[in-house]
Amino acid sequence: MEYLHPYIPILMIVVLAAAFAVVTIIASALIGPHRPGRVKALPYESGMVPFHEANIRLPIKFYVVALLFLLFDVETVLILTWAIAFRAPGAPMPGFQGYAFLVMLFFMIILVIGLLYEWRKGALKWT
Amino acid sequence: MEYMIPGNLVVAVMIFAIGAIGIMWRRDAITIFMCIELMFNAANLGFITLAQSLGKPEGVAVFLFVITIAAAEAAVGLALFIKIFDDRENIEAEKLDLLKR
Amino acid sequence: MDPKLFYAQVVQSLLLTSPLLVLLGAAIIVLAADVLMPRGWRGALPWISGLGVAAALFVLNGMGMPAAPQHAFSGALVLDRLTFLADNVILGMALYLIAISPRWLRGRLVPHGEYYALLLFAAMAMMALGRSSELLALFLNFELLSITFYVLLGIEKRNARSTEAGFKYFIVGSTAAAFLLMGIVFVYGATHGQTRYEAILKALFDAKGAVQPDMFALGMGLLIVGFGFKITLAPFHMYAPDVYEGGPTPVVAALATGTKVAGFTALYHLVAMAAGFKAIPAGVWAAFYAVVMTSMIVGNVGAVVQPNVKRLLAYSSIAHSGYMMIPLVVVLAKPGLLGAAEDAIAYYMLAYTLMTLLAFGVISALAPEGEGPIASWAGLGRRAPLRAACMALAMISLIGIPPTVGFFGKLYLFGMAIEGGHIWLAVVGILASVVSVTYYLRVVITMYMAEPAEGAEKPGVMGDAQILAVGLAAACVFVFAIFPWLYHG
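Sequence lines, in order, name chains W, C and E. Counting in our numbering, the first sequence tops out at residue 127, every number present. Counting in our numbering, the second sequence tops out at residue 1101, every number present. Counting in our numbering, the third sequence tops out at residue 2489, every number present.
Treat the hints as calculated values from the structure; they're not laboratory data. Note that the structure is predicted; figures quoted are calculated from it, not measured.
Partial list, computed: chain W residues near chain E (C-beta under 10 Å): (1) Met-93; (2) Pro-94; (3) Gly-95; (4) Phe-96; (5) Gly-98; (6) Tyr-99; (7) Leu-102; (8) Ile-110; (9) Ile-113; (10) Leu-116; (11) Tyr-117; (12) Trp-119; (13) Arg-120; (14) Lys-121.
In the DSS-like style, the derived pairs of lysine-lysine whose C-alpha atoms are separated by at most 30 Å in a straight line are: (15) E:Lys-2202 x E:Lys-2278; (16) E:Lys-2208 x C:Lys-1056; (17) E:Lys-2278 x E:Lys-2334; (18) E:Lys-2278 x E:Lys-2208; (19) E:Lys-2157 x E:Lys-2458; (20) E:Lys-2202 x C:Lys-1056; (21) C:Lys-1083 x E:Lys-2157; (22) C:Lys-1083 x W:Lys-125; (23) E:Lys-2157 x W:Lys-125; (24) W:Lys-121 x E:Lys-2157; (25) W:Lys-61 x C:Lys-1083; (26) W:Lys-121 x C:Lys-1083.
Note that beta-carbon positions come from the ideal geometry of N, C-alpha and C, so glycine has one too.
Let's have the full structure, built from the sequences with the hints guiding it.
Have a look at this one:
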C-alpha cells in the first residue's frame, strides 16, 4: 500500500498551505482596490501611532529575564518526560519509582538552589 | 552482515555538513552560532533515526539531554555576545583581533 | 532485579563518586557564602574552596587506588587506576590555582564568588569527564567542562581581551561538542545501539561481527576530532594561542593542564575500548598518525616566533599534546601494550601539569607585567630571583633535561614509540624537542642575560600562599622525577 505512506498527508498539508498563501496574496493584489495614503503606509502598531524608530537597543534586563526563562523552561522538558515515564509500565523492578523520585529530587534541589542564588544576586529585580 | 543505512541518517549527515561549512564561511557570530545549533540538531536527528531503526526507544531520550545542554550553552554564549557587542558595536568574528599580535 | 541489590549498587555508586559530590557541595557553599556573607568577608572564599578541595582529596585517597576498574551508575562512570591518578592531579591543580588566585584577582573586576565556585565546578567536570565510560555521560561531562570554561575565560567583564578569549573558546568548544555528538551517533549506530564502553568492547570482539566497521571508524574519527579541539591537537589548535593570551592567567592554567588531563584520560578509555579492533580502515589509522606528527611539529615550530609567554605556552601545550598522543597511537594497533600506555600517560599528565602550573604560577605572580611581551621579562634574574629561578626550572623541565619530571615523562613516551615499532614517531618527537630548546631557553636567557628596560621596577611581592604553592610545585618537579613510585606506586 505504497500510496498510504504516512508522510503523504503531511506533504499534502504543506502543498495546500503554500498554495493558499500564494493564492491569497496574488488574488488580493489583483482584485483589491489600491488607494495608498500616508496613514496607510505607517507600520501597523495595533492602532497606536508610531512615535519613534523601531530599531532601538532594549535594556539588558529583558535579556536577563529571557535567559533565566530559557533555562528554567528547558528544565521543564526533562521534568515532564520524567513525569510521563514515572508511571509508565516496564519499570525494571518494584522499588524503582523510589529511585526515580530521589533522582528528580536531587535535580530539583539543584534547580531551587540556582533560583535562590539568582534571587539573592538581584537578577529577578526589575529596577 | 548486510547493514541498512536509514535514509534519515543521510539527511542528518547533510544537515551536519551544512552546519560545518557555515561555521567556516560565515562571519557573523550569530549565524555561526546558528550553524552550531544546526550541527547539534543534525546529531539529534541521527540519534532518533537510529534509535527507531534499531528498535531502541531509550535512544530517543538522548535528544532531551542534548536540547537542555544546548540551551545552557546558548545562554552563556549569548551573554558573551552581548558583552562583546557592548564593547565594539559589532560581533563579526573576523573583527575580533585584539589577540592577534 | 532485586530492589535491595539495586539500592546497594546506588549507594556504592554514590560512594565512588563522593569526591565529585564533595566538590559540588563545596561549590554551592561558596556561592551561598558569596551572597549571604557581608562584602568585607570575601577573603574567606578561597579558604572555603580550598577546604572543599582538600576534603575531596581526603575522600578520594581514603578510598585508595582501586585494584580493578569499578563502575558507578550502571556503567556510566568508572574509577580505575588512571582515573584515580588523574583525579589526584586535577585536585592538586585546583588547590594550586586557589592558592595563587587571590593575589592575581586583587584590583581586577572579577566576581569572586562565581570565580571560585566555577573553579570547583571545573575541577568536578574534569574528574567526571575523565571517569566517563558511557557515550552519553561522556558528552554531558564534555559540555559541563566546556560551559564552565566559557564563563571562566570571559569572567573579567571589563577586559575586552578576556571576553574575546571566552568568545573564541565558545565557538570552538561548541563546534567540538557537535563533532563529538555526531561521533557518538555513528558509534551508537555501528554497534547497534550500545553506548556503554564495556558493551561496545564486547560487541567489537564478538565473533559474529555485528559491528559495522566503517561507520564505527567514522564515529571514532569524529570523537577524536571533538577531543582534538579540547586538548589542542594540531589541525584543531588555531584558537589556542588567542585564548591562552587573552584569558585570565589562572583560568588558562586550568585550561592548559586540567582539561588536558581529563581529555587524555577520557581519550585513553575510548582508545582502550577500540584497541586491537582489526576492521578499522587504514585511512583512519594514518590520519591518527598524521595528527600526532603535525601536533609535534606545528607546536614546536610555531612557538619559536611567539612574542608573548602565554602564547608561547599555548604552542608548547600543542606540542606536548602531540607527545602524549604517542602511546594512544601505539596501542591502537598493539593492545598488548595497554598497561604500559596507561603508565606513560599517567606519568606524563602529572609531569606536564606540574611544569606548566609552575610556569603559569610565575606568570600570575608577575601579573600584569609578566603577561606582556617576553621582552618585559628582561633582567628578572636580579629583580625577582625566586620567580626567575622557578620559571627557569619550568622551562628546563619542559625541554626535558634531567633530573626533572619532563625528562622522565618524555623518556616513557618515546620509549613507548620505539617499543611499539614506531621509530619515526620517536625520531620526530626528539627532533621537535631539540627545536623546543630554542624558545624555552629564549625565556631563560631574557631573564638572566638581557638588561632590563629603563624604568623597569621590581615586581610586587608575592603572597604567602603563592610562595608556598609555587615553591611546592618547583619541589615536586624534582621529587616526582626521582621518586616516581610516590605517584603511581
